[in-house]
Amino acid sequence: DAMVIQNPRYQVTQFGKPVTLSCSQTLNHNVMYWYQQKSSQAPKLLFHYYDKDFNNEADTPDNFQSRRPNTSFCFLDIRSPGLGDAAMYLCATSRDMADPTQYFGPGTRLTVL
Amino acid sequence: RKEVEQDPGPFNVPEGATVAFNCTYSNSASQSFFWYRQDCRKEPKLLMSVYSSGNEDGRFTAQLNRASQYISLLIRDSKLSDSATYLCVVNSGAGSYQLTFGKGTKLSVIP
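First to last, the sequence lines map onto chains V and W.
This note's numbering applies: residue 1 is where the first sequence begins, and numbers increase by one.
This note's numbering applies: residue 1001 is where the second sequence begins, and numbers increase by one.
Some clues are possibly wrong.
[To be verified] A short, non-exhaustive set of chain W residues, derived as facing chain V with CB atoms under 8 Å:
id	residue
1	Pro1044
2	Ser1068
3	Tyr1070
4	Gln1098
These are calculated hints, taken from the structure and not from any lab test.
All values derive from a computational prediction rather than experimental measurement.
In this text, a Cβ means the ideal position worked out from N, Cα and C, and glycines have one as well.
Excised from the complex, chain V in its bound form (with noise of 0.2 Å):
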């Protein structure tokens, strides 16, 4: 079964308009992440959420939200998507500081038009 879950699984956009991105798990993890990650290149980290504290990386642009409505979901909003927005989207979940071991979900692939 499925434990880190992300739909949809391909997301085709227009330039400028808004997209969300949705993960959810089942293992009741305390940690959620968001990833960018684009060919050849290691996951770049957006922000996080320990339980309901979110936390956004530095050079994360504005461009970028989410939300955690409650421990099973996450979403990610890009506001206006732009062409060099084109990415992977992983969403990941670790247990707590105690087990920083993540588990990542299938990812949802971004097409900007």
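Here the structure of chain V is known, so what remains is to put chain W in place on it, guided by the hints.
Just chain W, lined up with the frame of chain V:
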């Protein structure tokens, strides 16, 4: 200096070969170390954690050298299904639950 550095490869090896990947990390306070495997256009999946004493899981052996800030992964008897990118991953400092990823080393196992 990059935080986690790996040779990007590609490593092209025949089936049955033994191949080793290396990784260096810059944060001496890091305490947790992992190898993840990522198939083309898929998500990273945990291959194994790396312990100070070294650890083995079937054909895979991981070693950690804290003094040199160096991690290795050895794959014996390579299979076609081992073809993937292998990501070296390190926690971001003492007590940190955040992870820093290397760019990965690409392995192609050839029939």
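The hints, checked one at a time:
1. Pro1044: Constraint on proline 1044 of chain W satisfied, holds at 5 Å.
2. Ser1068: Cβ of serine 1068 of chain W sits 21 Å from chain V, so the hint is violated.
3. Tyr1070: Because about 18 Å separates tyrosine 1070 of chain W from the closest Cβ in chain V, which is outside the 8 Å limit, the hint is violated.
4. Gln1098: holds (7 Å)
The structure fails to meet hints 2 and 3 from the earlier list, while all remaining hints are met.
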